[in-house]
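K.L.:
Here is what each chain is made of, one letter per residue.
There are 2 protein chains.
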Amino acid sequence: MYLRRTLTVFLLFSLLSVTHSLRPENHLLLPSSRKLGRDDSVYCLSWRFSVEVNDAGEWATIPLRCLQFVSQYMTGEIYSSDLEIISAESLEFAKSVHIAGDGKDVWIFDIDETLLSNLPYYAAHGFGSEAFNEDSFDEWALEAKAPALAASLSLYRELQRLGFKIILLTGRSEPFRNATAENLKSAGYDNWERLILRGATDKGKLAAVYKSERRKELTDEGYRIHGNSGDQWSDLIGFAVSKRSFKLPNPMYYIA
Amino acid sequence: MYLRRTLTVFLLFSLLSVTHSLRPENHLLLPSSRKLGRDDSVYCLSWRFSVEVNDAGEWATIPLRCLQFVSQYMTGEIYSSDLEIISAESLEFAKSVHIAGDGKDVWIFDIDETLLSNLPYYAAHGFGSEAFNEDSFDEWALEAKAPALAASLSLYRELQRLGFKIILLTGRSEPFRNATAENLKSAGYDNWERLILRGATDKGKLAAVYKSERRKELTDEGYRIHGNSGDQWSDLIGFAVSKRSFKLPNPMYYIA
Numbered sequence: 001m002y003l004r005r006t007l008t009v010f011l012l013f014s015l016l017s018v019t020h021s022l023r024p025e026n027h028l029l030l031p032s033s034r035k036l037g038r039d040d041s042v043y044c045l046s047w048r049f050s051v052e053v054n055d056a057g058e059w060a061t062i063p064l065r066c067l068q069f070v071s072q073y074m075t076g077e078i079y080s081s082d083l084e085i086i087s088a089e090s091l092e093f094a095k096s097v098h099i100a101g102d103g104k105d106v107w108i109f110d111i112d113e114t115l116l117s118n119l120p121y122y123a124a125h126g127f128g129s130e131a132f133n134e135d136s137f138d139e140w141a142l143e144a145k146a147p148a149l150a151a152s153l154s155l156y157r158e159l160q161r162l163g164f165k166i167i168l169l170t171g172r173s174e175p176f177r178n179a180t181a182e183n184l185k186s187a188g189y190d191n192w193e194r195l196i197l198r199g200a201t202d203k204g205k206l207a208a209v210y211k212s213e214r215r216k217e218l219t220d221e222g223y224r225i226h227g228n229s230g231d232q233w234s235d236l237i238g239f240a241v242s243k244r245s246f247k248l249p250n251p252m253y254y255i256a
Numbered sequence: 001m002y003l004r005r006t007l008t009v010f011l012l013f014s015l016l017s018v019t020h021s022l023r024p025e026n027h028l029l030l031p032s033s034r035k036l037g038r039d040d041s042v043y044c045l046s047w048r049f050s051v052e053v054n055d056a057g058e059w060a061t062i063p064l065r066c067l068q069f070v071s072q073y074m075t076g077e078i079y080s081s082d083l084e085i086i087s088a089e090s091l092e093f094a095k096s097v098h099i100a101g102d103g104k105d106v107w108i109f110d111i112d113e114t115l116l117s118n119l120p121y122y123a124a125h126g127f128g129s130e131a132f133n134e135d136s137f138d139e140w141a142l143e144a145k146a147p148a149l150a151a152s153l154s155l156y157r158e159l160q161r162l163g164f165k166i167i168l169l170t171g172r173s174e175p176f177r178n179a180t181a182e183n184l185k186s187a188g189y190d191n192w193e194r195l196i197l198r199g200a201t202d203k204g205k206l207a208a209v210y211k212s213e214r215r216k217e218l219t220d221e222g223y224r225i226h227g228n229s230g231d232q233w234s235d236l237i238g239f240a241v242s243k244r245s246f247k248l249p250n251p252m253y254y255i256a
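Residue numbers (full-length UniProt numbering), protein chains in the order written: chain D, 1 to 256; chain X, 1 to 256.
Hints are supplied without guarantee of correctness; some may be wrong.
The list treats identical chains as one, so a pair stands whether inside a single copy or across any two.
[To be verified] Pairs of lysine-lysine, DSSO-like flavour, derived with a Cα cap of 27 Å:
#	residue 1	residue 2
1	LYS205	LYS243
2	LYS216	LYS243
3	LYS185	LYS104
4	LYS165	LYS104
5	LYS145	LYS104
6	LYS145	LYS216
7	LYS216	LYS104
8	LYS95	LYS145
9	LYS95	LYS216
10	LYS165	LYS95
11	LYS243	LYS95
12	LYS95	LYS185
Bear in mind the hints are in silico, worked out from the structure with no lab data behind them.
For clarity, every value in this text was computed on a predicted model and none was experimentally measured.
With the rest of the complex left out, here is chain D (with noise of 0.2 Å):
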């Protein structure tokens, strides 16, 4: 009897050690593993896909029950993995692309969860769960520590070697330029061809009218936009767009 006890309390504990250590991928793929339910997870699983693709339309804050599943996301391998594929993959046609040599041929990055990551921000505050707070991101922002993102700093490098001139447009507005150049040369970024900030006539401004905008005085100026690459549709997407586009991973928030 004490045998027999003593026998189920060692296979509990083998098991829960040896379970945790023979699937070591559980614990990085599946966010279901220890606050998830099955059925929560499963839930996750398709309500990310729908986001990433653009059929949830415009969203506010994530599901509270998918907090643990974006955070574990967040912080795991395989939005390391997502980038890099991706990174991969733009890089590849990129080599396919003829560099005339006039100058003309540009790659627009976004920056917030494109070349920079403010993981670091969203971390601290509930990975999307809570409401954007613009005040506190602004902080956040102007403290100009957001590190680069591995996968896009080598692609943005990798661009430059192959000729093209890079273009950054982001959303964030002229005050923050000189918070934002600071932010990216201490991330390993520079020697960029133009860094466009939404000025005064663009406050309001749906983000992807803003961005066709100005990709449309790039072109009118004969910028030639071979790859764009963006966290958000709403770079990608509009008139005046890349030959490519290049949508990264953001499960954290959305931009219309």
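Could you slot chain X onto chain D? The hints should help.
P.N.:
Same frame as chain D, but now just chain X:
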């Protein structure tokens, strides 16, 4: 010593059965659990992301290392769940649309992998890992026995109840009109406003061009295209696009 070995064997068997039963969701969510290594499962998740958001560009067959991943996704719970959530989001938008009552408020559906599922065909042909064989697919299409995607059928009926006219816009060509209509009806779809197939003059056109042109004809006739559901980006992009587009999942093939 004997006890120890028995214990070890017992432990191993317990582990195998308990890891299996403790985490039923692994099996559903993680095609990795059996034949995929951890690297493959991470890779395939990211590959699928890049395919579904249209970052991957044109591709002919799925990566061989993702065969198990794709087959388990397509035959498992997540695919259905993805479709259900998209259907719910589509319906939510549809309910916000004012129906004028003049018969001009329409919703466009693609057919293959949108209303009808060719999964029986693709399951027998490597889930997209084999090069597309037009003859053999045509044979399957002429059999007219593709089942409905349940979530799409229920959306279709709800849209009709709300007063939308349904336009079917497919990449299938005119010779398949009868078989397609027969298949749709036997799968439960009826009373569509129009079934548009590729005509002789559409041969060789990119799907996005052919479909845009046909949508343009519809808007020229006064139709208001509110929603558009399709498993391919080429169903949804181009010109004369709908107010809201709904991308359905399809990791098995890509149509430019």
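K.L.:
It remains to establish, for every hint, whether it holds in the given structure.
P.N.:
Quick rundown of the hints versus the structure:
1. LYS205 to LYS243: both (24 Å within a copy, 18 Å between copies)
2. LYS216 to LYS243: both (13 Å within a copy, 22 Å between copies)
3. LYS185 to LYS104: Classified as within: same-chain Cα gap 23 Å, cross-chain 54 Å, threshold 27 Å.
4. LYS165 to LYS104: within (7 Å within a copy, 46 Å between copies)
5. LYS145 to LYS104: Neither, since 31 Å and 53 Å both go past 27 Å.
6. LYS145 to LYS216: For LYS145 and LYS216, the Cα distance exceeds 27 Å both inside one copy (31 Å) and across copies (48 Å).
7. LYS216 to LYS104: For LYS216 and LYS104, the Cα distance is within 27 Å only inside one copy (14 Å; across copies 33 Å).
8. LYS95 to LYS145: neither (32 Å within a copy, 44 Å between copies)
9. LYS95 to LYS216: Result: close within a single copy only, 24 Å intra versus 35 Å inter.
10. LYS165 to LYS95: Intra 14 Å, inter 45 Å, cutoff 27 Å: intra-copy only.
11. LYS243 to LYS95: Close inside one copy (14 Å), not across copies (35 Å); limit 27 Å.
12. LYS95 to LYS185: Intra 25 Å, inter 48 Å, cutoff 27 Å: intra-copy only.
Going through the hint list in order, the structure does not satisfy hints 5, 6 and 8.
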